[in-house]
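Note that full-length UniProt numbering gives residue 56 to position 56 of the sequence shown, counting from 1, and the numbers run on in steps of one.
Have a look at the derived ranges for each label pair, beta carbon to beta carbon:
no., residue 1, residue 2, range
1, Y26, N73, 27 to 33 Å
2, Y28, N73, 29 to 35 Å
3, D81, L39, 16 to 22 Å
4, Q49, I76, 18 to 24 Å
5, K75, Y26, 30 to 36 Å
By construction, these hints were calculated from the structure, which means they are not laboratory data. Just so you know, these numbers come straight off a predicted model, no measurement behind them. Yeah, the Cβ is synthetic: ideal placement off N, Cα and C, and Gly gets one too.
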Amino acid sequence: MKNSLKKLCHYFFDYDDEKLSIYSQYNYEILAELNRALLGRSYVLISYQDGTSEIGQIINRISAGRFILRSVNKKIIKIIDIDNIFRIDLE
1 MKNSLKKLCH YFFDYDDEKL SIYSQYNYEI LAELNRALLG RSYVLISYQD GTSEIGQIIN
61 RISAGRFILR SVNKKIIKII DIDNIFRIDL E
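Throw the hints in and build the complete structure from the sequences for me.
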């Protein structure tokens, strides 16, 4: 688990011009990425509009625009709304 977490953090936070973006995504792009993450059980980096971000897995869909996110350490479960998301990046 520790090695996969290190690889995941390295993937998301390693300096790469092609991965860096200051632009937000449209809601349909966010929704598509969340659905892809749900089906693939891949890790996601979610950046919120208030400047915070978190890494986790999408484990369930509650409604059209709400999903359940499980944190990397698998101890925190949070309901996220696509209207609050600035951008999402998949593993």
